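Quick mapping for you: the protein sequence lines, in order, are chains A and B.
The numbering of the first sequence is full-length UniProt numbering, which starts it at 1 and goes up by one.
The numbering of the second sequence is full-length UniProt numbering, which starts it at 1 and goes up by one.
These aren't lab readings, by the way, just hints derived from the structure by calculation.
What you are looking at is a predicted structure, and each value in this text was computed from that prediction instead of being measured.
Keep in mind that the hints are not guaranteed to be accurate.
What the hints assert, rightly or not - Straight line, CA to CA, 27 Å or less: simulated DSS-like cross-link-like pairs of lysine-lysine:
1. B:244 / B:165
2. A:113 / A:64
3. A:127 / B:244
4. B:244 / A:138
5. B:252 / A:131
6. A:158 / B:359
7. B:371 / A:131
8. A:149 / B:380
9. B:51 / B:67
10. A:123 / B:204
11. A:101 / A:80
12. B:244 / A:158
13. A:141 / B:244
14. B:244 / A:146
15. B:343 / A:158
16. A:139 / B:359
17. A:141 / B:247
18. A:138 / B:380
19. B:165 / B:264
20. A:169 / B:159
21. A:127 / B:203
22. B:252 / A:158
23. A:108 / A:74
24. A:169 / B:343
25. B:204 / B:371
Stated by the list, open to error - Chain B is nowhere near these chain A residues, computed Cβ spacing over 10 Å in every case:
26. 29
27. 38
28. 79
29. 80
30. 123
31. 125
32. 164
Backbone N, C-alpha and C fix where the C-beta goes; we use that ideal spot for every residue, glycine too.
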Amino acid sequence: MSDDVVWHCIRHGHCSFRAKIETGIFCRSPYNATGICNRSSCPLANSRYATIRDHDVIFYLYMKTAERAHLPTKLWESVKLPRNYEKAIEVINKHLEFWPKLLVHKIKQRLTKMTQYRIRMRKLHLKVREKLMTVPRKKTKIDINKEMKAEIAAQIDKCIQTELLERLKNGCYSKIHSYPFDDFDNIVKLDEDHDVHVLEDEEENKIEYIEADEIETEMDDMEDFEGLLKGQKRYFNIRNKFFLFAGYTDTDLDHLVDEQVAKKQKRAQIGRRSTKVMSEGTFSFHNNHS
Amino acid sequence: MAKEKKRKQPPTDASPPPGDKREGRSERKGKKARKEKAEAILPSQIKNKDKRREVHAKLKREKKAQKRALARERGQSARRAEELGEQASERSSNCPRHLLSLQFLVRFGSDCFGCLQPPERQVPRTIENTREPDETVCRPDDQELFAGNDADEFNAVLKQHITPKILITTCRFNSGRGPAFIDELMQVIPNSHYVKRGTYELKKIVEYANNRDFTSLIVVHTNRREPDALLMIGLPDGPTAHFKLSKLVLRKDIKNHGNPTSHKPELVLNNFTTRLGHRVGRMIQSLFPQDPNFRGRRVVTFHNQRDYIFFRHHRYIFETKEKKVASKDKKAKASESKSESEKQVICRLQECGPRFVLKLLTLQHGTFDTKSGEYEWVHKPDMDTSRRRFFL
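If we strip away everything but chain A, and leave its shape as in the complex, we get (with noise of 0.2 Å):
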């Protein structure tokens, strides 16, 4: 069939490789040289045509002839281009010699772009790129759902309010804050000199100043604490917790004289009667004790 008989047939009838939008008309064949739909580009419009494709990353030259239209296998011929760019030109230059101008001009413009995407991809391919993974929906539901639930069968506060005041019984924090309270009912800001303030239940709240030694004879119920107001270091035994707090020891005194510390001594009252034992700057301690 003549070629302008096939374009007056792909224009104003059906043709597959047409996809038409907003912007254009373009065609989606494979042979196309430009991509778009266009009488002078229509590898099926033209008897006379030639493409580039690649293949893997090696491009080839497709050329289809008027003298091979009978056989539709074996019409289009194809060439390896090489490598090379300037290479590459000369040989479409070899062979489409004789083929019209614009067309030749259209291949090597194909050529050049081709070349270029070519390099593009071998430099991103050496860059590190994340890749989207997708998680079926069903599975962010179901995840979403077991996170809640495992919250509340956590019950977190109360997990790390008994993790607490486990330490606090077995001493870890002998020096700082004690256990049990009820013996310190008031403490009071102290200098260096004075010695820790004790007052039992039952007694009236007057200041009591008491020696160190008086205070572990009072304190009948810290008989598992000996060690506690002798400076003795204590050791975190590794419990069932799978021993993953082995490096607390006792922080030593001397240390602890941050800013902040100092801060919070100066803001502490004297005299001041108050159930609660551990405001923030009235605890200082006998230095015989470190």
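Given the coordinates of chain A, work out where chain B should sit on it, guided by the hints.
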């Protein structure tokens, strides 16, 4: 609709049968009750949606009320029995019913009428109770584990030979809540530094960090303006853990939040039981300094529950609380002149800092290398088939 309504109403229009009135009435009542039971309609049989919804809601409410009443009774009987525990212990040993099986007790209600000892507490089955037994669970006397600990990458930091120094960075495009999260993270982890990502490759960043003697690298990855993944890389050639981050709540969004100080925090790591969990726990531990300042009363918690690691940051305080133990029984009151007040030590927490949930996705042996890395553990979807199997 009309039919259903009619069916529900008892057949009141039937005339009372002749004969003895008293008997008839009770008989009729019995019959009525039986008929109503037979006609108790499942809500799913009602075709009208509004009506169905009503009936269903009512049923649910009733069931809940019953359940609550039962639970309350059980609790009360247990408490009662405990209070009179000493007197009862003698009795229970002679109680024939108590010596019988639990089923007997259950059938006769929560109380055993023969004795006053509280019935055996039925422990509810939870997922944690019925967790699939895992052979990799660490045992406290495992010499191999200790040896492994000595030889692993965190040993230097954990034995306090080196103080941890953390480098925090982000993914290439950081927006939304990422920067705020990083600010807060820097306040939680002492001795941490933030560097902008630029377009450096992660491997180059690892090199950079190694040259500057960092001990850990944390990369916060943002997706759709929300931080959604955390990459923890131990240095120099430590393991890489990739976590999925979710449920991020910043400090300003927490009610009654506190402000953290700059004291070195204490660490609490809960429920890291298996070997993998232990390793992850040690990795997290190596981010923090090993000499916490107890005076600062700051605690950072990583709580593992069902493979989800919950992060919390609190300031705590210990207080005494007077707890009055008042006995309800009249006899007891008569014997004791006054109610005892017990002093209890409690711990109060004030939350500060962010709150988020991590889930381990992969653990890789060396530093970050997705192409040629050796993975210790990768989460695969077919690990989720059992609801009672956890890996951390």
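Tested hints:
1. A hinted pair counts as satisfied when its Cα atoms are at most 27 Å apart, and residue 244 of chain B with residue 165 of chain B qualifies at roughly 23 Å.
2. Between residue 113 of chain A and residue 64 of chain A, the direct Cα distance comes to roughly 22 Å. Compliance with the 27 Å bound is thereby established for this hinted pair.
3. Only pairs whose Cα atoms come within 27 Å are accepted, and residue 127 of chain A paired with residue 244 of chain B is accepted, the gap being roughly 25 Å.
4. Distance check on the hinted pair: residue 244 of chain B and residue 138 of chain A sit about 17 Å apart at the alpha-carbon level, within 27 Å; holds.
5. The suggested pairing of residue 252 of chain B with residue 131 of chain A is violated, with an alpha-carbon distance near 33 Å, which exceeds 27 Å.
6. Distance check on the hinted pair: residue 158 of chain A and residue 359 of chain B sit about 22 Å apart at the alpha-carbon level, within 27 Å; holds.
7. As the CA atoms of residue 371 of chain B and residue 131 of chain A are separated by approximately 12 Å, the hinted pair is consistent with the 27 Å bound.
8. At most 27 Å may separate the alpha-carbon atoms for a hinted pair to count; residue 149 of chain A and residue 380 of chain B meet this at roughly 21 Å.
9. Between residue 51 of chain B and residue 67 of chain B, the direct Cα distance comes to roughly 24 Å. Compliance with the 27 Å bound is thereby established for this hinted pair.
10. Taking the CA atoms of residue 123 of chain A and residue 204 of chain B, the gap is near 18 Å; set against the 27 Å cutoff, the hint holds.
11. Straight-line distance between C-alpha atoms of residue 101 of chain A and residue 80 of chain A comes to about 21 Å, which keeps the hinted pair within the 27 Å bound.
12. For the given pair, residue 244 of chain B sits about 25 Å from residue 158 of chain A by alpha-carbon distance, which is consistent with the 27 Å threshold.
13. Proximity of residue 141 of chain A to residue 244 of chain B is assessed by CA-CA distance (about 15 Å); at most 27 Å being required, the pair is judged to hold.
14. A threshold of 27 Å between alpha carbons decides the hint, and for residue 244 of chain B with residue 146 of chain A the separation of about 14 Å falls inside it, so the pair holds.
15. A threshold of 27 Å between alpha carbons decides the hint, and for residue 343 of chain B with residue 158 of chain A the separation of about 19 Å falls inside it, so the pair holds.
16. Simply put, residue 139 of chain A and residue 359 of chain B have alpha-carbon atoms about 14 Å apart, close enough for the 27 Å limit, and the pair holds.
17. Of the pairs offered as hints, the one joining residue 141 of chain A and residue 247 of chain B holds, with about 14 Å between alpha carbons and a cut-off of 27 Å not exceeded.
18. Using a Cα cut-off of 27 Å, the hinted pair residue 138 of chain A and residue 380 of chain B holds, with the two alpha carbons roughly 15 Å apart.
19. Between residue 165 of chain B and residue 264 of chain B the CA atoms are separated by roughly 13 Å; this keeps the pair inside 27 Å, and the hint holds.
20. At most 27 Å may separate the alpha-carbon atoms for a hinted pair to count; residue 169 of chain A and residue 159 of chain B meet this at roughly 25 Å.
21. Taking the CA atoms of residue 127 of chain A and residue 203 of chain B, the gap is about 11 Å. The hint holds against a cut of 27 Å.
22. Straight-line distance between C-alpha atoms of residue 252 of chain B and residue 158 of chain A comes to about 23 Å, which keeps the hinted pair within the 27 Å bound.
23. Pair hint residue 108 of chain A plus residue 74 of chain A holds up; C-alpha atoms about 24 Å apart against a cutoff of 27 Å.
24. Straight-line distance between C-alpha atoms of residue 169 of chain A and residue 343 of chain B comes to about 15 Å, which keeps the hinted pair within the 27 Å bound.
25. A C-alpha spacing of about 15 Å is found between residue 204 of chain B and residue 371 of chain B, which places the hinted pair at or below 27 Å, so the restraint holds.
26. Residue-level check passed: residue 29 of chain A sits 38 Å from the nearest beta carbon of chain B, beyond 10 Å.
27. With a cut of 10 Å on Cβ distances, residue 38 of chain A stays outside the contact zone with chain B, its closest approach being about 41 Å.
28. A cut-off of 10 Å between C-beta atoms confirms that residue 79 of chain A is not in contact with chain B; the least separation is 37 Å.
29. No beta-carbon of chain B is positioned within 10 Å of the beta-carbon of residue 80 of chain A; the least distance is around 32 Å.
30. Separation of residue 123 of chain A from chain B is adequate, the least Cβ-Cβ distance of about 14 Å exceeding the 10 Å criterion.
31. The Cβ of residue 125 of chain A lies farther than 10 Å from every Cβ of chain B, with a closest approach of about 12 Å, so its non-interface assignment holds.
32. Here residue 164 of chain A does not stay apart from chain B, with its beta-carbon only about 5 Å from theirs, under the 10 Å limit.
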